[in-house]
Amino acid sequence: MGTGPEPPEPGLALQLEGLRKSFDGTLVLSDIDLAVAPHEVVCLIGASGSGKSTLLRCINLLEEIDQGRISFFGKEINADLVDVNRLRRQIGIVFQSFNLFPHMTVLHNLTLAPIRVLGKTRKEAEAEADNLLRQFGLLDKRQEYPDRLSGGQQQRAAIARALAMQPRLMLLDEVTSALDPELVAEVLNVIRSLAQSGMTMVIATHEMWFARDIANRVCFLDGGVILEQGTPEQIFRQPQQDRTKQFLQSLTDAGRL
Amino acid sequence: MRGRRAIAIAAASSAVFLAGLVALFFLAPGSSQVRRFFFNIPDAQTAFLGNTRGGIFSELYAFRLNIEMFLIAEVLILILAMVIAMVRQLSGPVTFPLRMLAIAYTDFFRGVPLLLVVYAIGFGVPALSLAGVSTQPVMVYGLAALVLSYSAYVSEVYRAGIDSVHPSQVAAARSLGLSQWQAMRSVVIPQAIRRVIPPLLNDFISLQKDTALVAVLGIIEVNRAAGIVSSTDFNYTGYTVGAFLFLLLTVPMARFTDWLIARDRRRRQAGAAR
Numbered sequence: 000m001g002t003g004p005e006p007p008e009p010g011l012a013l014q015l016e017g018l019r020k021s022f023d024g025t026l027v028l029s030d031i032d033l034a035v036a037p038h039e040v041v042c043l044i045g046a047s048g049s050g051k052s053t054l055l056r057c058i059n060l061l062e063e064i065d066q067g068r069i070s071f072f073g074k075e076i077n078a079d080l081v082d083v084n085r086l087r088r089q090i091g092i093v094f095q096s097f098n099l100f101p102h103m104t105v106l107h108n109l110t111l112a113p114i115r116v117l118g119k120t121r122k123e124a125e126a127e128a129d130n131l132l133r134q135f136g137l138l139d140k141r142q143e144y145p146d147r148l149s150g151g152q153q154q155r156a157a158i159a160r161a162l163a164m165q166p167r168l169m170l171l172d173e174v175t176s177a178l179d180p181e182l183v184a185e186v187l188n189v190i191r192s193l194a195q196s197g198m199t200m201v202i203a204t205h206e207m208w209f210a211r212d213i214a215n216r217v218c219f220l221d222g223g224v225i226l227e228q229g230t231p232e233q234i235f236r237q238p239q240q241d242r243t244k245q246f247l248q249s250l251t252d253a254g255r256l
Numbered sequence: 000m001r002g003r004r005a006i007a008i009a010a011a012s013s014a015v016f017l018a019g020l021v022a023l024f025f026l027a028p029g030s031s032q033v034r035r036f037f038f039n040i041p042d043a044q045t046a047f048l049g050n051t052r053g054g055i056f057s058e059l060y061a062f063r064l065n066i067e068m069f070l071i072a073e074v075l076i077l078i079l080a081m082v083i084a085m086v087r088q089l090s091g092p093v094t095f096p097l098r099m100l101a102i103a104y105t106d107f108f109r110g111v112p113l114l115l116v117v118y119a120i121g122f123g124v125p126a127l128s129l130a131g132v133s134t135q136p137v138m139v140y141g142l143a144a145l146v147l148s149y150s151a152y153v154s155e156v157y158r159a160g161i162d163s164v165h166p167s168q169v170a171a172a173r174s175l176g177l178s179q180w181q182a183m184r185s186v187v188i189p190q191a192i193r194r195v196i197p198p199l200l201n202d203f204i205s206l207q208k209d210t211a212l213v214a215v216l217g218i219i220e221v222n223r224a225a226g227i228v229s230s231t232d233f234n235y236t237g238y239t240v241g242a243f244l245f246l247l248l249t250v251p252m253a254r255f256t257d258w259l260i261a262r263d264r265r266r267r268q269a270g271a272a273r
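Chains as they are written, first to last, in numbering that gives the first Met the number 0: chain D, 0 to 256; chain X, 0 to 273.
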């Protein structure tokens with residue numbers, strides 16, 4: 000494997016080095032280097048198919064990488080000996096399509112993993128879940144099944160479910176892309192308050208104004224590589240690469256920037 | 000008003016249709032013969048309740064065995080089939096032989112007629128003279144044949160249900176730190192079972208009828224009892240009674256299955272906003 004000579008940087012929440020991933024011979028990610036400090040919010044932007052989602056899925060090991068190194072708080076995690084279940088407790092991921100468990104109430108969705116994985120008592124888990132639901136304005140929906148909720152409510156519940164495991168890192172995969180436009184704001188507000196509370200996050204998004212507003216750093220992905228990264232100011236005002244300029248221009252033309 | 004008219008038309012057309020069938024039956028050249036040999040009221044009574052002096056078994060009493068076999072087999076099938084379905088879901092090279100075994104099992108028992116399985120186990124296993132295994136009551140062999148055969152079908156029903164749960168559900172469960180097994184148990188299986196209840200019930204309607212096949216082992220269940228009645232009276236009415244008893248059991252089950260399917264469809268449509 001590609002164990003580098005340098006030990007992982009201890010001060011970083013997440014460090015990706017020379018990450019490579021292909022599906023059936025098609026290279027989806029190549030030579031990805033990315034460092035995320037604790038409490039940092041990094042936004043991944045780029046066209047559909049540029050590798051944003053795959054990158055997030057690689058970070059919590061839902062996809063196996065072909066080459067490179069992933070370190071999480073100074074520990075290499077893509078080695079064979081890592082207990083993936085133990086690791087995933089500490090990394091929350093929220094998906095574009097919510098993926099709530101349809102046969103469970105909202106409350107049960109939130110308490111399943113804390114009870115089964117962390118060994119909490121039902122009472123403990125429910126008290127904590129209620130706290131999160133209150134914070135997200137969903138307390139009155141705790142006994143509802145997911146299909147009775149609006150898209151925005153479902154996505155907030157999905158975020159709450161990930162947070163119920165008290166992760167040290169949150170990965171958000173285009174969490175507003177499946178929502179009706181009027182429901183986007185309520186979800187983004189929740190994410191904003193998370194960022195303010197100091198949560199370390201890597202966010203793949205198509206909402207450029209949101210990336211500009213919330214990110215400490217923006218990475219532009221194109222064809223499976225991080226073509227350019229910098230502060231939102233640098234990326235949105237003075238992009239260096241032609242592809243970045245083109246991408247932003249196409250968004251401006253479409254009235255989305 | 001339209002609804003009432005529709006009902007009236009439906010009732011009238013059903014009545015005409017039924018009357019036609021009945022007329023056809025009564026006007027057929029051999030009608031009186033068939034009525035005498037298949038629908039003989041006194042014989043039906045004897046078949047139904049038995050005749051202790053004439054050595055005729057009560058079919059109603061014999062049918063109790065069919066119900067008993069069905070109930071026991073059903074539970075065992077649900078368990079064995081789930082084990083097979085789970086084995087087929089295993090991944091990794093270590094479990095390859097287990098997977099192959101499960102596939103061979105389903106291929107074999109779905110491919111062989113149940114009647115032959117009943118013969119093979121009912122006569123073959125006692126012939127082996129294995130201590131403990133070969134000296135069971137005949138009913139145990141009959142049950143074993145039913146369970147082995149139906150588990151192959153039911154495991155495929157389960158598997159279809161498991162496959163119908165979207166992989167993103169597993170991804171969501173695993174991302175929360177649940178193990179593969181926990182994700183299966185808490186997230187996939189409950190959703191899968193909900194989806195396969197109608198096809199499962201359908202298989203169980205078949206199972207209820209196929210309990211009659213163990214008659215070949217000499218168990219006096221309803222089919223065998225009917226045979227005894229008819230060979231005593233030289234009259235087939237006993238079989239008609241047997242058929243009637245099976246209908247009493249299977250028709251409510253079939254209606255219940257349809258009701259479940261309809262309810263499921265209504266629910267899915269109500270939740271279609273998702």
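It should be emphasised that the hints constitute simulated quantities derived from the structure, not laboratory data.
Misleading hints may appear alongside valid ones.
[Stated by the list, open to error] Computed footprint of chain D on chain X; a stretch qualifies when at least three of its residues, placed anywhere within it, have a C-beta under 8 Å from a C-beta of chain D: (1) 170-178; (2) 183-191.
[What the hints assert, rightly or not] Pulled from the structure, derived: some chain D residues nowhere near chain X, Cβ distances all over 10 Å: (3) ASP139; (4) ARG167; (5) GLU185; (6) THR230.
All C-beta atoms in this analysis are idealised placements derived from N, C-alpha and C, irrespective of residue type, glycine included.
Practice item. Please write out, lowest number first, the hints stated earlier that are contradicted by the structure. Key: The structure conflicts with no hint, since it agrees with every one listed earlier.
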